[in-house]
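Protein sequence lines correspond, in order, to chains A and B. All you need for this note's numbering is the position in the first sequence, starting with 1, plus 503. All you need for this note's numbering is the position in the second sequence, starting with 1, plus 84.
Honestly, the hints are just simulated from the structure, not real lab data. Just to be clear, a hint being listed does not mean it is correct.
Not close to chain A: a few residues of chain B, all C-beta gaps over 10 Å, as computed [to be verified]:
id: 1; residue: His90
id: 2; residue: Glu99
id: 3; residue: Pro100
id: 4; residue: Gly108
id: 5; residue: Glu135
id: 6; residue: Asn138
id: 7; residue: Gly141
id: 8; residue: Ile170
id: 9; residue: Gly194
id: 10; residue: Thr198
id: 11; residue: Glu201
Partner residues aside, some chain B positions facing chain A, computed with beta carbon under 7 Å [what the hints assert, rightly or not]:
id: 12; residue: Arg103
id: 13; residue: Val115
id: 14; residue: Val119
id: 15; residue: Ala120
id: 16; residue: Glu137
id: 17; residue: Glu140
id: 18; residue: Tyr142
id: 19; residue: Leu159
id: 20; residue: Pro182
id: 21; residue: His193
For glycine and all other residues, C-beta sits at the position ideal for the given N, C-alpha and C.
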Amino acid sequence: MLSLEDQIEQIADAAFAQTSPVEWHDPTERDVSSGSGRRFRPALVAVAAAVLVVGLVGGLVALVSTDSGDPISPAITDAASIPPTSSEPIPTTTEVSTPSTSLEASPVPPPTTTTSIESAALDACSPLGVCTYRSMNDGRLVRLDSRFKNDELPAATIYGDNRATTVFFDESFAPSAAFLLDVGAGDIAYIWWIAPGAESATVSAFELTGADPGRLVRQFDAPVDPSGDTELVPTRLGFVELGCCGVEPTRPPAEAQVVVPWVDRNGAEIVADDRSVFVVTVNERLGIEANRPDGTSQSWDVSFGDVAPRGMPYLYELDDGRIVAILDGADATSDPLYLAPDGTVEQVASPGSVLYVLPDGRFVIRGPNSDDVLIDPNPIDVSETPSTTTDSTAQPPGLGRALVAIDGNGDAVMFETDDTGPTVLYDGQDPDTASTLGDGPNAVDRVAVAADRSIAYIGLCCAPIVGTILETAPPTPAAPTPTPTYGYAPTLNPSATRLAATAASSLVVTDLATGQQLTVEATGNQMWDTAHDLMWLDDATLALLGNQARMWSLTIISVEGETIDAGPTRAFARFEDFESLRFAGTAVPDEIAMHDIGTSRVLSGTIDDFGNHNDSRGSALQVIELPGPALSAWYFDPGQLIWIDTARTLRVGGSVIPGDYLWAHR
Amino acid sequence: MSDHEHFEAFVARVEPRLRRALLGSVGIDRVEDAVAEALAYAFEHWAAVAEMENPEGYLFRVGQSKSRRRMRPRLFRSVPSAVPEIEPGLVDALTALPESQRTAVWLAHGCSWTHAEIAVVLDVKPSTVSTHVSRGLDRLRSELGVVHDAQS
């Protein structure tokens, strides 16, 4: 047998052999002015996006993975076949406001008014990926990034109600690239994807809402052309393939076979009789026919310039019955056409490279820095908008531990679910001006809410003496009380049966059912001089971070019935990585995570790992790098991260919570 | 030689070494993205990178930091059948090591980096690297129940 060291070298050799070289291409050798991720045309989209993204980010470098096992990457060799992108991201006649924190549609002026654009930046797509967009049955925007670099599991993002929700897909879904085809009845997402090394693509259907979002509903058997030369076009019965490149005068052809049917939540095939479907006819002009759910049809006849669209035009039905058409032929303009129910056609200036149009009339466009932006271009009158449909099968999301935070105004807030707006639990002082010493009340320092949202504790730091703890029943805000409870760092155990808080050198655990208090005094046994932070590891075990002069101490405390025991304590020096620590949840199973506030570092280890840390001898602590310096960081099951960057932006997993925040936990 | 030609020569020299090093840190699923990120950074900051004594080490950190990792990295897309004389649990045990130990062990024994080179990328003293490597190997031996290594 080889030595352990040689075995590791053998493993490295074998693993390295399974990687592919990453090639660098001179960006000046390729025209990077074209490219769009608008329509599901996989090969085009993947390569165009890579070129576009890299090109727009400063024309720095075009990096294309040459993994020969991925049929997407090498499929396009002709840059001219990449769909064109508008060279004018925002018309000069419009004004772009600062990004709005709201993703809701704003009130809409009369159709002729086009003087302002409300915009909201969406999360950036992965650098070599492209995002595809569709809308849910209730009108919310859903997005899928073709590559999943920043998430450990493939996920889609749903934008709505001022919140972005991440839906993680079934674990069996492991694509090298994926694109959102459509969202059908029951909020079933149809996703085109290709597995690493696969020679054909697959379409799978997933639930986006309901009791088990992300569940695989059905994977369709029919292999799908992965070359990018074929589109999948929705019809009443399902998706049909439309081949390249403009040879069919009628699209989709009447005889086209359904390759992917619509399905219900049980995977059974259904007919999409609740949506309009389109047929276009290419002659001297372009005929666009909308077949509506009520059985009626309407046609418009439009000019398409010198060259007909390559495949299906991009057609989006609005809530007011109009159709937005973007022809996007080889030399056609990308200015949107509004096809009205009265038969008129109006063309408006493009607000940018349009990636998707929502039923309420808002556009997703490619922003000037290649970040996708949701805008309300305001030319659309939706005052007589029919009510949107709601999926009656959707279930309210299950309650887990509530997200709690301190916002930039110093208020204690909780979120009923990650999709809902914040509920203020205490109107705190502005942290930029509030004193943390002297007569209270002081600034909010901690928030703890029971999993059933029935009770909340707000910690004000830190006077008189140790701080003040307020109690309230959400959503009723807490009010200062003439007989406050004193304490610091109020923390509820997971089942909300026990409240722990510290008072200088003592730790007090209160049984919320009986009011019985159990106390551990640190004085005398040198466990800690001042308690700094608390974290429940489970319902009966606490971790306490304490100060001892120039040392930190970590103590494990167990609570059993009427007994409280201070277990092992480990001290470690307060320098370098350990200047300003707070607990950060559990980043690695069975380990304790601590964030060094203001830095991008989270330290993770067992209590012994912390105790054994010594810079001259090395450390078994794992250093986890956050995406950037953070004011607050917290890991929660299943390993997702809540963190607030130094610009006070709160992120939960991959989702941004609008507003500014200072601290957040779950 | 133009800057572009210099950079292309640099990529040809550095890319395989960087890819192998990052493989043990970010796993096979993210290694190509991590290398691409690092090379893009190098191109953007070429004037500075060209002057560095140890650009591989610096770019290793760039690739590592731009590839957020929260799961144990996967070393193989498919486990090869023809790796001789490997302890059956070694791959799993290696990927389960704490990150600092895994990186040190991988770079030292999987990539033949010196402890001084590893010290640069881990931002610690070389003696600390020795400790990480030693503890990592001890932990692997303990996990695998290996008492004595055969010497090659």
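Open item on the list: Quick check on B:Tyr142 please, does its C-beta sit within 7 Å of some C-beta on chain A?
Closed with: 15 Å, violated
- [ ] Identify whether the interface hint at B:His193 stands, where standing means a beta carbon of chain A within less than 7 Å of its own.
- [x] 4 Å, holds
Open item on the list: The output says B:Gly141 does not contact chain A. Does that hold with a beta carbon cutoff of 10 Å?
Closed with: 16 Å, holds
TODO: Could you let me know if the closest chain A CB is still more than 10 Å away from the CB of B:Glu201?
DONE: Nearest chain A Cβ is 16 Å from B:Glu201, so the label holds.
Task: Given as non-interface: B:Gly194, which should sit over 10 Å from chain A by C-beta - done: Violated: least Cβ distance 3 Å, not greater than 10 Å.
- [ ] Double-check B:Val119 for me: the hint is only fine if its C-beta lies closer than 7 Å to a C-beta in chain A.
- [x] The hint holds - B:Val119 has a Cβ within 7 Å of chain A, the shortest such distance being about 4 Å.
TODO: Find the nearest Cβ of chain A to the Cβ of B:Pro100 and say whether that gap is larger than 10 Å.
DONE: 7 Å, violated
- [ ] Could you check that no beta carbon of chain A comes within 10 Å of the beta carbon of B:His90?
- [x] 12 Å, holds
Task: Cβ separation check - B:Asn138 to all of chain A, threshold 10 Å - done: 20 Å, holds
Open item on the list: The hint names B:Arg103 as touching chain A; please verify it with the least Cβ-Cβ distance against 7 Å.
Closed with: 6 Å, holds
- [ ] So, B:Ala120 near chain A? Judge it on the closest CB pair being under 7 Å.
- [x] 4 Å, holds
Open item on the list: Given B:Val115 as an interface hint, is its Cβ closer than 7 Å to any Cβ of chain A?
Closed with: With a minimum Cβ separation of about 6 Å from chain A (threshold 7 Å), the hint on B:Val115 holds.
Hints 2, 3, 4, 8, 9, 16, 17 and 18 from the list above are not met by this structure, while the remaining hints are.
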